[in-house]
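*Asks:* Let the hints inform the model, and build the full structure from the sequences given.
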Amino acid sequence: MSRVANLSKLRQERMREINLRNKERERMREREKAAREREARYNNGHLFTSLTVSGTTLCSACNKSITAKEALCCPTCNVTIHNRCRDALPNCSKVKQRQQKTALMRNNASLQNRPTSAIYPSESLRHSLLGSRRGRSGLALSKSVSTNNIAGNLNDDSPLGLRRILSQSTDSLSFRNRAMSVESLNDDGDYYTSVLEEMELEGEDFKADSWSMAVDMDYLHAHSKNVIKRQDVIYELIQTEVHHMRTLRIMERVFRQGLLEELQLDPSTLHALFPCLDQLISIHSHFLVQLLLRRNASLQPESDCNFTIHRLGDILLEQFSGQSADDMQKTYAEFCSRHMKAVKLYKSLLARDKRFQCFIRRVSRGPWLRCHGIQECILLVTQRISKYPVLIQRILDNTVDDDEEASSIAQALCMVRDLLNSIDQQMEELEKTQRMQEIQAKLDQRAETRVRDGGLFRPAELLRRKLVYEGTLMWKTPGSRLKDVQVLLMADILVFLQEKDQRYIFPCLDKPPVLSLQNLIVRDIANQERGMFLISDCSPPEMYEVHAASREDKNAWIRQIQRTVSKCPSREEFPLIETEHKAHLRRLKADLQQKDREMLELLQERVTLFCELAQVTTCQDDLEPPVTRYLFRADTPQAPRAEKFLLDATAEVDQLSELLLGSSIDVPLLCHHTHMDMTDANDQDLLINGANELSTTKVCFSLRDEVCQRLMNLSVYLHALQAAVIKQDSILELLLQQEDAASPASAGSWRQNREAATGATIGELALLQRQHSLLQEELLRLRDAETRFKDSEKARAKLEKQVRHMKGCGDPSSSQEHVVAPSQVRKTAGSGREGLSASSHWDNEARQSNAPQEGSDEEVNMTSDDDDVEEQEASESSRG
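For the sequence shown, UniProt numbering begins at 1 and goes up steadily by one.
These are computed hints drawn from the structure, not numbers from a lab.
None of these values were measured; they are calculated from a predicted model.
We put the CB at the ideal spot given by N, CA and C, even for glycine.
Any given hint could be a false lead.
[Stated by the list, open to error] In silico DSS-like cross-links for lysine-lysine, where the CA-CA straight-line distance does not exceed 27 Å:
(1) 387 - 64
(2) 387 - 341
(3) 330 - 354
(4) 466 - 330
(5) 354 - 344
(6) 483 - 500
[What the hints assert, rightly or not] Label-pair distances were calculated between CB atoms; the ranges are:
(7) 593 - 207: 32 to 40 Å
(8) 549 - 390: 32 to 40 Å
(9) 602 - 297: 31 to 39 Å
(10) 418 - 289: 42 to 50 Å
(11) 288 - 431: 30 to 38 Å
(12) 344 - 288: 27 to 35 Å
(13) 433 - 588: 16 to 24 Å
*Replies:* This is the structure:
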C-alpha cells in the first residue's frame, strides 16, 4: 500500500508540474501577444486605440469615409484612421512637440549653466569683442537675428580660435533663440487683456457676495431683517445679470470676433456655433441698463455703495411682457433648440481643425476664460432663463409691506413661468420633430403597406404628420407570440414599426400596421396589468392586443391615445393618404405662409425704423410710438381687420390735411411770412411783453409735433393695411387652390374654371361699379329731397309761429288758418317723403357701399319727417 501511495503522490506532483508549466506557457503567449499588439498599436509615435465610429467620419490619412465598425484613434493628437492606413500616417505631432520641448528645455538649462569660458577663451577677448557687461546689459537678442550673419561677418583675417569657438556655439545659440521664442508664444496668457479688464470694470460695483457685504455696516443695521433679505435677493439678481452679460460679451468679443478675424471662419459657421447671440445681447443689455439705473437712482446722498431698491416690479413687468417677452421667447427657443448642434459643431472643429485647437488653447489660458470656454458659455446661456422664477419668487416672499409692489412682482412671476412653459413647449415640439427625422432616416424608403381601405401607405406619409408620442410596445400575434414593435402615435393614426438590421420596416402580420384613430376605443385587459386592447372603428372592427413594459407605461399610453383620439381631425380635413397633387399644394401653401410671415416681420421692422426716424428728426422723445404687438398678427383675436386699418388711415389723412391745409396752418404761416406785418399792426402789444411772438412759436412747435405724430400713425396703419392685404391675398389664393382641387383633376377643366372664375369676378366688378354709379345718382336725389324738406320745415315753423300768435291775440279766424296750415305742411312734407320713400330700397346697399354716412343721415331725416307729420295729424284730430 505504501508503494501505491508513493506512486500516486509522484503522479500528482508530476501533473502539478505539467499544469504549472502549461500555465507559464500560456502566460508567456499572452505577454507576447500583448507586446505584438502594443507594437502594432504604437506606430510612428501614435498610441492607437480601437473605437466604433459612424459612416460620416473621414480618415485622416486617405480622406475617405470609415465604413467599418472598428477604427483606430490616437487620443494624443485626435487622429482617426482606417486600420490599413496605420503605416501611411506621419509621426504624431504631439509626441514630436513634447520631445522637442524636452530637448529645448534641456539645452536651455545646459546653456544657462554653461560657463562663459566654454565660449570665450579669455576675459579680455570677451570684453574686446562684445563690450563690457554694463554696455551690453541693455541689449537683447531679437528673434529675427540670424546666427549665420554673426559667423559671416568674420573674415579670413579673424583669429582661427575665435571662428572655431563661434562656429561651435552657433547651434546652441540658435537653440536658445528658438526656445525663447516658443516660451514667449506659450506664455501669451493676456491675449484679450483689454477686453477682460473692461468687463471687470463693468462689474466693479458687484464684487461683493451679497448686499449685506456691499453696504456699510451702519447702513445695514438701520434696516429690518425682511428688508435685508429682499435687498440680498435683488442684489443677487443684478449680480447674476452682470455675470450673464459678461458671458455673452466673452462669446461675442473673444470667441466670435477672434474666430472671425484670425481664423476667417465662415459667418454661417459662427452663427451655428453662437446662435442668436446679437439678440441675446440686445435683450439682456436693455434689462441690465434698467436695473443699474434703478440702483443708481436708489443710492444714498454722498455714497457710492449704500442703496436700497424699493420698487422693482415695474422693471420686471416691462421685461417679461409685451414685445420684450415675445423676443425672449423666440430667441431662447431658437438658442436652446440649437444647443446640441452647437456643441457638436464645437467638438467637430476641435477634433479636425488644428488652428481652432491652437486658438482655443491660447485663449483659455486667461484667468476668466479657464472656466468660460465655448461649451461652458453655451450651457450657461441655456440655464439663465430658468434662474428668473427662483429669484423673483424669493423677492416676492420678502416683499411684505408694499401691496402694490407685491402685486407687480406676482404678475411678473406668472409671466416668467408662462414664458418658460412656452419655451419648454417649443423645445418639446422641436425634439419630437428631430426624433421624427431620425425615425424617417432609419425607415426603409422602399417599405410600404396596405391600409384598411386598400390604399398604399408609404414612408413619405409620416413627414406631413406631427409626432405626439412614441415608445416600444409588444404586439401579440395570432400564434400567442409577443413581438417588439416601435409604436408612433401621430395626430390621426397609430403606426407600428419593426426594427430589422438597424432599419425600420412595416411588420407583415395579419392586421395592417397603420391604425386610424377615428373613434378608436382603448380598453384594459382583465387580469393583466400591462395589457390593453385597441379596437378600431371599421366594418368589421379589428382588435389589437398590445402589452407595455410596466403598468405606468400602459396608463401613459392610454392617456395619450385617448387625448389624441378626442382631437383627431376628420378625413375630409386630413385624408389618410395624400395624393401627389395635394402634396404639391400643401408644400406651396407652406411656402406661401412662410413668405407671408417673413414679409410681416419686415413690415414690422420697417414701422419701428420709421418711428425711430421720426423721433430723431424732430428731436422729440415724448412722441408715443404705436403698439405694433398685434398689428401684424392675423391669427390673434386682438388683430384688427383690414377695414379698420383703412378707416383709421383715412381718418389720419383727413386730420393731417386739416393740419396742413386748414385754418390751423395760418398760425405758422403768419409766424414765418407775415411776422413783420403783425409787428407793424400790433406794435404796442409786442412792446409790452412779446407774448404774441412767444405764443405763435409754441403753436408752431406743437403743430409740428402733432404732424409728426399723425405721420407715424399713418405709416403704421398703411403698413398694417399692406400686411392685411398680403394675408387676404394668400387666403384668397389658397381658397382658389381648394376649389381647383375639388374640381375634376384635368388641366383643361382647371383652365376653364379659372377663366370662368375670372369672368365672374370681372362681371361682379362691373356690377359693383354700376351700383356705385346708381348710388351716386340716388345720393344727389336724396340731397335735393333734403333741401326741399328743409324748406318745408322752415314753412311749418313759420306757420306754427303764426298760429301761436293768433291764439295769443284771440282771433276767431285763426282756427281756419290753423286747419289749413297742417294740410299744406303735409303736402310739402309728403312730397319730400315720397322722394325719400322712392329710394328706401337703396338703404342697405348704400350702407355696404363707400357712402355709409350719407345713407344713415338720410335715414335719420326720414324718421324725423315721419314723426313731425304724425304730430301734425294728431294735433289736427284733437282740435277737430
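*Asks:* Has the hinted range 16 to 24 Å been met by the Cβ atoms of residue 433 and residue 588?
*Replies:* holds (21 Å)
*Asks:* Verify the CB-CB distance for residue 602 and residue 297 against the hinted window 31 to 39 Å.
*Replies:* holds (38 Å)
*Asks:* Decide if the proposed pair is consistent with the structure: residue 466 and residue 330, CA atoms, cutoff 27 Å inclusive.
*Replies:* OK: residue 466 and residue 330 at ~21 Å, within 27 Å.
*Asks:* Could one say that the CB atoms of residue 593 and residue 207 fall in the range 32 to 40 Å?
*Replies:* Given range 32 to 40 Å: violated, Cβ gap about 51 Å.
*Asks:* For the pair we were handed, residue 483 and residue 500, check the Cα-Cα distance against 27 Å.
*Replies:* Holds. Residue 483 to residue 500 sits at ~12 Å (cutoff 27 Å).
*Asks:* Does the hinted range 32 to 40 Å hold for residue 549 and residue 390 at CB?
*Replies:* holds (35 Å)
*Asks:* Given the hint of 27 to 35 Å, is the C-beta distance from residue 344 to residue 288 inside that range or not?
*Replies:* For residue 288 against residue 344, whose Cβ atoms are near 31 Å apart, the range 27 to 35 Å holds.
*Asks:* Tell me if the straight-line CA distance from residue 330 to residue 354 falls inside 27 Å.
*Replies:* The given pair, whose Cα atoms are some 35 Å apart, is violated under the 27 Å limit.
*Asks:* Verify the proposed pairing of residue 354 with residue 344, using a straight-line Cα cut of 27 Å.
*Replies:* holds (17 Å)
*Asks:* With a cut-off of 27 Å on the C-alpha distance, tell me whether residue 387 and residue 64 pass.
*Replies:* violated (46 Å)
*Asks:* Is 30 to 38 Å respected by the C-beta to C-beta distance linking residue 288 and residue 431?
*Replies:* holds (31 Å)
*Asks:* Has the given pair, residue 387 with residue 341, been kept, meaning a C-alpha gap of at most 27 Å?
*Replies:* Between residue 387 and residue 341 the Cα gap is close to 23 Å, so the pair holds against 27 Å.
Against the hints set out earlier in the document, violations occur for numbers 1, 3, 7, 10.
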